[in-house]
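Trainee: What follows is the residue order along each chain.
Protein chains: 2
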Amino acid sequence: MSPVKNGRVIYNEIPTGYPVPGKTLVYDESQTIDLENEPLNGGILVKVLVLSIDPYLRRKMLDPSIPSFLPAFKVGEPLENSGVATVLRSDHPNYKPGDHVLTSFRDLPFQEYLVIPNPQLRILENKENLSWSAYLGVCGMPGQTAHHAWKEYAGPKIKKGDVVFVTAASGTIVAQLAKADGLKVIASAGSDEKVDYVRSLGVDVAFNYKKVSTREVLQKEGPINFYWDNVGGESLEAALEFAAQKAVFIICGMISNYNTDEPYNVKNLQQLVWREITFNGFLVASLLPKYDDEFYATMPGRVARGEIKYKEHLVKGLENTGQALLDVLRGNNFGKSVIVVSEE
Amino acid sequence: MSPVKNGRVIYNEIPTGYPVPGKTLVYDESQTIDLENEPLNGGILVKVLVLSIDPYLRRKMLDPSIPSFLPAFKVGEPLENSGVATVLRSDHPNYKPGDHVLTSFRDLPFQEYLVIPNPQLRILENKENLSWSAYLGVCGMPGQTAHHAWKEYAGPKIKKGDVVFVTAASGTIVAQLAKADGLKVIASAGSDEKVDYVRSLGVDVAFNYKKVSTREVLQKEGPINFYWDNVGGESLEAALEFAAQKAVFIICGMISNYNTDEPYNVKNLQQLVWREITFNGFLVASLLPKYDDEFYATMPGRVARGEIKYKEHLVKGLENTGQALLDVLRGNNFGKSVIVVSEE
Numbered sequence: 001m002s003p004v005k006n007g008r009v010i011y012n013e014i015p016t017g018y019p020v021p022g023k024t025l026v027y028d029e030s031q032t033i034d035l036e037n038e039p040l041n042g043g044i045l046v047k048v049l050v051l052s053i054d055p056y057l058r059r060k061m062l063d064p065s066i067p068s069f070l071p072a073f074k075v076g077e078p079l080e081n082s083g084v085a086t087v088l089r090s091d092h093p094n095y096k097p098g099d100h101v102l103t104s105f106r107d108l109p110f111q112e113y114l115v116i117p118n119p120q121l122r123i124l125e126n127k128e129n130l131s132w133s134a135y136l137g138v139c140g141m142p143g144q145t146a147h148h149a150w151k152e153y154a155g156p157k158i159k160k161g162d163v164v165f166v167t168a169a170s171g172t173i174v175a176q177l178a179k180a181d182g183l184k185v186i187a188s189a190g191s192d193e194k195v196d197y198v199r200s201l202g203v204d205v206a207f208n209y210k211k212v213s214t215r216e217v218l219q220k221e222g223p224i225n226f227y228w229d230n231v232g233g234e235s236l237e238a239a240l241e242f243a244a245q246k247a248v249f250i251i252c253g254m255i256s257n258y259n260t261d262e263p264y265n266v267k268n269l270q271q272l273v274w275r276e277i278t279f280n281g282f283l284v285a286s287l288l289p290k291y292d293d294e295f296y297a298t299m300p301g302r303v304a305r306g307e308i309k310y311k312e313h314l315v316k317g318l319e320n321t322g323q324a325l326l327d328v329l330r331g332n333n334f335g336k337s338v339i340v341v342s343e344e
Numbered sequence: 001m002s003p004v005k006n007g008r009v010i011y012n013e014i015p016t017g018y019p020v021p022g023k024t025l026v027y028d029e030s031q032t033i034d035l036e037n038e039p040l041n042g043g044i045l046v047k048v049l050v051l052s053i054d055p056y057l058r059r060k061m062l063d064p065s066i067p068s069f070l071p072a073f074k075v076g077e078p079l080e081n082s083g084v085a086t087v088l089r090s091d092h093p094n095y096k097p098g099d100h101v102l103t104s105f106r107d108l109p110f111q112e113y114l115v116i117p118n119p120q121l122r123i124l125e126n127k128e129n130l131s132w133s134a135y136l137g138v139c140g141m142p143g144q145t146a147h148h149a150w151k152e153y154a155g156p157k158i159k160k161g162d163v164v165f166v167t168a169a170s171g172t173i174v175a176q177l178a179k180a181d182g183l184k185v186i187a188s189a190g191s192d193e194k195v196d197y198v199r200s201l202g203v204d205v206a207f208n209y210k211k212v213s214t215r216e217v218l219q220k221e222g223p224i225n226f227y228w229d230n231v232g233g234e235s236l237e238a239a240l241e242f243a244a245q246k247a248v249f250i251i252c253g254m255i256s257n258y259n260t261d262e263p264y265n266v267k268n269l270q271q272l273v274w275r276e277i278t279f280n281g282f283l284v285a286s287l288l289p290k291y292d293d294e295f296y297a298t299m300p301g302r303v304a305r306g307e308i309k310y311k312e313h314l315v316k317g318l319e320n321t322g323q324a325l326l327d328v329l330r331g332n333n334f335g336k337s338v339i340v341v342s343e344e
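For the record, the sequence lines run as chains A and Z.
With the UniProt record's numbering applied, the first sequence covers 1 to 344.
With the UniProt record's numbering applied, the second sequence covers 1 to 344.
For the record, the hints were derived by calculation from the structure and aren't laboratory data.
Treat the hints loosely; a few may be bogus.
Stated by the list, open to error - No farther apart than 27 Å at their CA atoms in a straight line, the calculated lysine-lysine pairs in the DSSO-like style are these:
| id | chain 1 | residue 1 | chain 2 | residue 2 |
| --- | --- | --- | --- | --- |
| 1 | A | Lys60 | Z | Lys267 |
| 2 | A | Lys179 | A | Lys160 |
| 3 | Z | Lys210 | A | Lys159 |
| 4 | A | Lys151 | Z | Lys210 |
| 5 | Z | Lys96 | Z | Lys74 |
| 6 | Z | Lys60 | A | Lys220 |
| 7 | Z | Lys151 | A | Lys157 |
| 8 | Z | Lys157 | A | Lys290 |
| 9 | Z | Lys151 | Z | Lys246 |
| 10 | A | Lys246 | Z | Lys210 |
| 11 | A | Lys151 | Z | Lys159 |
| 12 | A | Lys267 | Z | Lys267 |
| 13 | Z | Lys210 | A | Lys290 |
| 14 | A | Lys290 | A | Lys210 |
| 15 | Z | Lys290 | A | Lys157 |
| 16 | A | Lys151 | Z | Lys60 |
| 17 | A | Lys23 | A | Lys220 |
| 18 | Z | Lys246 | A | Lys157 |
| 19 | Z | Lys290 | A | Lys160 |
| 20 | A | Lys267 | Z | Lys210 |
| 21 | A | Lys290 | A | Lys159 |
For clarity, every value in this text was computed on a predicted model and none was experimentally measured.
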């Protein structure tokens, strides 16, 4: 069999502000691969099925000379992120053709085929017959993030009658986890469509933060005992203003700050002291060893039984990666954004 | 015996910005008290010896209609804070004349004599023969604050080789507690004199933040695993910039913000996420039940043996209260500020 096209998404230049499709990220078809004869050297040859698009990718598009916990992408190399692939050929005892493997946490390049030299990947049994994309969302990094951090930081402190405020609620399953734990859930989202969806999940209060003042909602429905922060800025400021004594803030991200040199700076951090608030900044990678086994043993079943619902935004074709990332960063997508690279 | 003068410090009006001596706080000698015949009704008559001056007093000089955890002082009434008093007459079985009592946490008015109707005060045995003012500083609220919060938030997480950065270090014993726990201690203070004192306590790095850039010191001596924040603003921003992964920030106060309507707003809160930082805002009142017994059993002895050193700034006379508070807020005092109301 002759070599086939091996399309890739190249990280072409460091963006200022929002990344520009076709400029920051460029789709490239110049490479080919011989699927039958490509040497494996103890590794596996995989065909990539789905790849995840997440806001934090923007954080890796920085000048590499700026010190950062997240290493910067290298200009000229493919973008990388979590994905699911299927094994075509294997030279490794743990993997066989037809296996489906999950590469969590940014180690799969955005290209159609590749050899993985030292595979250390989770093999997905998928007895529940979920779509592969579900393993990038509700059963992948976003699901782990919500599940692990909610267990770690809220779990031991939940009391009857507690109230949680969840931002970017259509993109996280935290609202559902909190509801299952008996809390009153206040949820914000960035469009009426998202608000309708969040409301359909059974939260107590859902609102469109672009139309309704977060301050006014929290003043009426708070004070809040827990705050799940995905956005930072003015939402965080409002949460500080209407926090209950000893409130717990789980700081998952500050997406409102990622694409601007002049982020909104919170003015009332002093409330931390007066209200005895704890901020827990975290990266889910640190929580994996503690909670992953329980997660993979329970979450696919909860999803298959419909106890935990989720939304996906599937984008077909590697060539649409740039636009998909921009949509995520601008909040234009609805549901977990996934690039469908190939059907099985 | 005829009535004697009973001088008081009246909270006269709500300040904007810094309080103004003689305007915000007014010394008043219009009242008298008959020490032999003042009715006790089951209470005790005390003579006030020493009263504490603390930055947080400014936080209680707000419009009472603004919701606040700390209830606002009432205009026209005496200022209140912790103090030590001696019992002159008692109508209560737990107290006898000559006892010394400590009123912690803002329940003693700034006046020479008063009847306390339902006394629930700690009787100071003072076997170590410390000065009474020591029970307002190193063995009082500031000491409890440092001891209790350091134990609660740093204690379980300290690892060999850890580094702590302590702000306003001449006014807290945290640097000494951290040094005793084996940490490398970086300490900032606001004058060369204070820096010399802090250095004499055996800290590893001491600097005057008004002359030397905190960022540069932390860049060279960090990254920091713990941060003791008394000031907020630019110090907090520098600490975020040079925090180690999973650093613990103990947020005790943000004195740089108390007297201004335009506080410096931290620009890099995102580091909370990338560095997995925890902020622990706290009020020491919540930690008293857990740590007070141990504190009073050990700290006076450590102080008497010279293991823990402290500095006091004694101000003689109730009439100097307004200036003493202003000095504390401007950072012009050196050592724990105490008003000496009366000698024994």
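Trainee: If a hint holds in the structure, say so; if it does not, say that too.
Mentor: Here is what the structure says about each hint:
For the hint linking Lys60 (chain A) to Lys267 (chain Z), the alpha-carbon distance of about 19 Å falls within 27 Å, and the restraint holds. Pair hint Lys179 (chain A) plus Lys160 (chain A) holds up; C-alpha atoms about 12 Å apart against a cutoff of 27 Å. A C-alpha spacing of about 45 Å is found between Lys210 (chain Z) and Lys159 (chain A), which places the hinted pair above 27 Å, so the restraint is violated. A threshold of 27 Å between alpha carbons decides the hint, and for Lys151 (chain A) with Lys210 (chain Z) the separation of about 43 Å lies outside it, so the pair is violated.
Taking the CA atoms of Lys96 (chain Z) and Lys74 (chain Z), the gap is near 32 Å; set against the 27 Å cutoff, the hint is violated. Straight-line distance between C-alpha atoms of Lys60 (chain Z) and Lys220 (chain A) comes to about 25 Å, which keeps the hinted pair within the 27 Å bound. At roughly 20 Å between alpha-carbon atoms, Lys151 (chain Z) and Lys157 (chain A) fall within 27 Å of each other, so this suggested pair holds. Using a Cα cut-off of 27 Å, the hinted pair Lys157 (chain Z) and Lys290 (chain A) holds, with the two alpha carbons roughly 18 Å apart.
Simply put, Lys151 (chain Z) and Lys246 (chain Z) have alpha-carbon atoms about 18 Å apart, close enough for the 27 Å limit, and the pair holds. For the hint pairing Lys246 (chain A) with Lys210 (chain Z), the CA-to-CA distance comes to about 34 Å; that exceeds 27 Å, so the pair is violated. Between the alpha carbons of Lys151 (chain A) and Lys159 (chain Z) the distance comes to roughly 25 Å, so the proposed pair stays at or under 27 Å and holds. Distance check on the hinted pair: Lys267 (chain A) and Lys267 (chain Z) sit about 10 Å apart at the alpha-carbon level, within 27 Å; holds.
Note on Lys210 (chain Z) and Lys290 (chain A): the hinted pairing is violated, with a Cα-Cα distance of about 44 Å set against a maximum of 27 Å. About 37 Å separates the Cα atoms of Lys290 (chain A) and Lys210 (chain A), which puts this hinted pair outside 27 Å; it is violated. Distance check on the hinted pair: Lys290 (chain Z) and Lys157 (chain A) sit about 18 Å apart at the alpha-carbon level, within 27 Å; holds. Restraint check for Lys151 (chain A) and Lys60 (chain Z): not satisfied, since their Cα atoms lie roughly 37 Å apart, outside the 27 Å limit.
Under the criterion of a C-alpha separation no larger than 27 Å, the hint pairing Lys23 (chain A) with Lys220 (chain A) is inconsistent with the structure, at around 46 Å. For the given pair, Lys246 (chain Z) sits about 21 Å from Lys157 (chain A) by alpha-carbon distance, which is consistent with the 27 Å threshold. This hinted pair checks out: Lys290 (chain Z) and Lys160 (chain A) have alpha carbons roughly 24 Å apart, not beyond 27 Å. For the proposed pair Lys267 (chain A) and Lys210 (chain Z), the alpha carbon gap of about 23 Å is at most 27 Å, so the pair holds.
Distance restraint check for Lys290 (chain A) and Lys159 (chain A): the Cα-Cα separation of roughly 23 Å lies within the 27 Å cut-off, and the hinted pair is therefore satisfied.
Taken one by one, the earlier hints fail for this structure at numbers 3, 4, 5, 10, 13, 14, 16 and 17, listed in ascending order.
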